[in-house]
Amino acid sequence: MDVRSQIALIFHLDKCIGCHTCSVACKNIWTDRKGTEYMWWNNVETKPGTGYPTRWEDQENYKGGWELKGGKLRLKSTGRGRIIPNIFHNPSMPSMDDYYEPWTYRYEDLFTAPEGDDQPIARAVSMVTGEPIDVEAGPNWDDDLGGSPIYAENDPNLEELTPEVKQMMFEIERMAFFYLPRICNHCLNPSCVASCPSGAMYKRGEDGVVLLNQERCRAWRSCVSACPYKKTYYNWSTGKSEKCILCFPRLESGQAPACFHSCVGRIRYLGNILYDADKIVECASRPDNELVDAQRELILDPNDPEVIAAARKNGISDGIIDSAQNSPAYRFAKEWKLALPLHVEFRTFPMLFYVPPLMPVIANQDSGSVRNETEDLFADIEKARVPIKYLARLFSAGNEGKVRYALRKQLAVRLWRRHKTVGDISAEQAERALLEAECSPEEAEAIYQLTALASMEDRVVVPPAQREMAIEALEDPLEFKQSTGFGFLTGPARGA
Amino acid sequence: MHDELLFAILPYVAMGVFLIMTIQRYRQRTFTYSSLSSQFLENRHHFWGSVPFHYGLLFVLFLHLAGLFIPDVILAWNAAPLRLFITEATGLAMAVITLIGLGNIVLRRMGDTKSRTVTSVSDWIVYALIGVQVISGIAVAVFHGWGSSWFATSLTPWLWSLFKLQPEIGYVTALPWMVKLHIVNAWVLIGFFPFTRLVHVLVVPNPYLWRRTQVVLWNYDRHKVRSKD
Numbered sequence: 001m002d003v004r005s006q007i008a009l010i011f012h013l014d015k016c017i018g019c020h021t022c023s024v025a026c027k028n029i030w031t032d033r034k035g036t037e038y039m040w041w042n043n044v045e046t047k048p049g050t051g052y053p054t055r056w057e058d059q060e061n062y063k064g065g066w067e068l069k070g071g072k073l074r075l076k077s078t079g080r081g082r083i084i085p086n087i088f089h090n091p092s093m094p095s096m097d098d099y100y101e102p103w104t105y106r107y108e109d110l111f112t113a114p115e116g117d118d119q120p121i122a123r124a125v126s127m128v129t130g131e132p133i134d135v136e137a138g139p140n141w142d143d144d145l146g147g148s149p150i151y152a153e154n155d156p157n158l159e160e161l162t163p164e165v166k167q168m169m170f171e172i173e174r175m176a177f178f179y180l181p182r183i184c185n186h187c188l189n190p191s192c193v194a195s196c197p198s199g200a201m202y203k204r205g206e207d208g209v210v211l212l213n214q215e216r217c218r219a220w221r222s223c224v225s226a227c228p229y230k231k232t233y234y235n236w237s238t239g240k241s242e243k244c245i246l247c248f249p250r251l252e253s254g255q256a257p258a259c260f261h262s263c264v265g266r267i268r269y270l271g272n273i274l275y276d277a278d279k280i281v282e283c284a285s286r287p288d289n290e291l292v293d294a295q296r297e298l299i300l301d302p303n304d305p306e307v308i309a310a311a312r313k314n315g316i317s318d319g320i321i322d323s324a325q326n327s328p329a330y331r332f333a334k335e336w337k338l339a340l341p342l343h344v345e346f347r348t349f350p351m352l353f354y355v356p357p358l359m360p361v362i363a364n365q366d367s368g369s370v371r372n373e374t375e376d377l378f379a380d381i382e383k384a385r386v387p388i389k390y391l392a393r394l395f396s397a398g399n400e401g402k403v404r405y406a407l408r409k410q411l412a413v414r415l416w417r418r419h420k421t422v423g424d425i426s427a428e429q430a431e432r433a434l435l436e437a438e439c440s441p442e443e444a445e446a447i448y449q450l451t452a453l454a455s456m457e458d459r460v461v462v463p464p465a466q467r468e469m470a471i472e473a474l475e476d477p478l479e480f481k482q483s484t485g486f487g488f489l490t491g492p493a494r495g496a
Numbered sequence: 497m498h499d500e501l502l503f504a505i506l507p508y509v510a511m512g513v514f515l516i517m518t519i520q521r522y523r524q525r526t527f528t529y530s531s532l533s534s535q536f537l538e539n540r541h542h543f544w545g546s547v548p549f550h551y552g553l554l555f556v557l558f559l560h561l562a563g564l565f566i567p568d569v570i571l572a573w574n575a576a577p578l579r580l581f582i583t584e585a586t587g588l589a590m591a592v593i594t595l596i597g598l599g600n601i602v603l604r605r606m607g608d609t610k611s612r613t614v615t616s617v618s619d620w621i622v623y624a625l626i627g628v629q630v631i632s633g634i635a636v637a638v639f640h641g642w643g644s645s646w647f648a649t650s651l652t653p654w655l656w657s658l659f660k661l662q663p664e665i666g667y668v669t670a671l672p673w674m675v676k677l678h679i680v681n682a683w684v685l686i687g688f689f690p691f692t693r694l695v696h697v698l699v700v701p702n703p704y705l706w707r708r709t710q711v712v713l714w715n716y717d718r719h720k721v722r723s724k725d
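Taken in order, these protein sequences are the chains called A and B.
So that you can map any letter, position 29 of the first sequence is 29 in this note's numbering, and since no number is skipped, the others follow by simple counting.
Here this note's numbering = 1-based position in the second sequence + 496.
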């Protein structure tokens, strides 16, 4: 058992209001520089929709992530045998047209235009070339199902639905959508890291944050193709790739990443989990419909004495083990089985989990009451406006049982709380709902607490991995007295 | 005197600048070592430039290096006329492919506004120098044929005399001006190399072939047990 600590993230989609505050917070801090204007390390997509970059989920086209070939796990297009001959031209790399060309306006024209009969206008100019452009796409061009016939209907996840179901989804009275905020997943089995020819990309050992060494990046661009989530971006100006760094300077000082901190809907949870790194390859090689379980299997119980002993042996400090025991991510993803990974069939084991949205499901009612009184308490889930099949394609590699379980449990918690607070649901019904959803009253209360009432400190439990304390937490500081001193990366040897 | 400057002094200047400046740049400004790819800005024409250019150039370059390091093997191979013809024809074909690639690169850099934006003055100088080099190379192959054989008997001994620090320019002074242009331009290119994007050649991703699949970096040695209890 090779126990490691990893920061894991939960996005509760039922609470996301699609306000894009997270995107703007991130943009203002990290990607307002030349060459990064088109990058959104954090973006919020409308689903159904084609996303950013356009149809990023279509791996027939972009060929990112891993695949099983003859029972063996291998990179879909960016392994050694493929990337070396393709190094001069990467055949599956998206170009700027697949994102959008960033632009600004010539505002000064509004003041300097000569007097005339017409109002002066500020022309759109490209932020790459500085020349006037016709804007054809932009960030969240298809927000809230805008341009559905072009965007939403071409969502790759709709492919398996029957034409009738698809048509029903886009009928104006039944139209339903939800938001999907996306950042780098900081995967356990990152294909970007595995495919970097320069070895510039790496996972930080102490918390699993995936980073890209700007000094070592040589612009071979294979990470851009390799990441199936398209969360590594190429900076066309510096000739280096860049990606979400999970605001590690903030994490190291105990603060939440900017997108978490600014989240208006409080949908974001952060905490570390302990996992067994020895089992990654074996678990990632399971058949598609077992992948959700395989990923949960990797996550270890931080209260198990055996796990704690193995973690200590691996140099994981007690503070980090404590924080894993309080981790909201562990509870949502493993204990309650409410949160599911996005596109687990890419086999990277993303460490960002989503609680699938119940909202469009329950809004199905036409009578105006909260729900219909039928024998089957969970009938609404099956009649959902967003079909379970669609959600399963997103969150469980097509395994509908996993999505159904998460939705039923959420609905049971709602019925339970409605019975407690409003009282129009009988105790018998509420208890039956919990029983059928495999949820105890205590668990229901805990889910309710963490979903609806939790404070910032409960939602974001940053493991104490502060770099400035890294040595003190693990080593005797006196051991380092008289060694390298301050400000030197390598020891200051005489004459060197 | 003129020949001495070009064939006895220029090579040392070029090699000296190359060695000192590439190392200095790597140590002090590692960040600037990048292939500076522009594929992201324009994805289609890029293929027809970059791929033929790189593959053609690599092939021709390896032929040159073979002439330098294993001249006996080349001469023995070329002893049969058919084999000599095959060497010459493949070399020429690959040089033409390189030129087509370079032509596409230049056309793309001029035609596509986004690619033009990221093309620096040093890039244009590099294209010009490589253009002169490839065209003069093709001209030599066409007008002064069988170079794969005479390279081994004239240029190889001259190059080795340079490396031994006893330059014998007699090997090259009698060569036609077209060959001399090819040689001199090569040294100019080598001397200019450290100041251009060409440095990406030096950081080709060779460790990729044998490193472990995943890279995990620790800020402490986790196998040294540190918990006191």
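The hints are simulated quantities; they were obtained by calculation from the structure and are not laboratory data.
None of the values given here were measured: they were computed from a predicted structure.
Heads up, the beta-carbon is just placed ideally off N, CA and C, and yes, glycines get one too.
Keep in mind that the hints are not guaranteed to be accurate.
Unchecked claim - Have a look at the derived ranges for each label pair, beta carbon to beta carbon:
(1) A:123 / B:635: 24 to 30 Å
(2) A:420 / B:713: 35 to 41 Å
(3) A:289 / B:582: 33 to 39 Å
(4) B:707 / A:254: 31 to 37 Å
(5) A:237 / B:641: 52 to 58 Å
(6) A:70 / B:702: 24 to 30 Å
(7) A:322 / B:623: 55 to 61 Å
Here's how the hints hold up against the structure:
1. A:123 / B:635: 24 to 30 Å: 49 Å Cβ-Cβ, so the 24 to 30 Å window is violated.
2. A:420 / B:713: 35 to 41 Å: Hint violated: Cβ distance 49 Å, outside 35 to 41 Å.
3. A:289 / B:582: 33 to 39 Å: 56 Å, violated
4. B:707 / A:254: 31 to 37 Å: 34 Å, holds
5. A:237 / B:641: 52 to 58 Å: About 46 Å separates the Cβ atoms of residue 237 of chain A and residue 641 of chain B, which means 52 to 58 Å is violated.
6. A:70 / B:702: 24 to 30 Å: Holds - the Cβ-Cβ distance for residue 70 of chain A and residue 702 of chain B, about 28 Å, lies within 24 to 30 Å.
7. A:322 / B:623: 55 to 61 Å: Between residue 322 of chain A and residue 623 of chain B, where Cβ atoms are some 60 Å apart, the hint holds.
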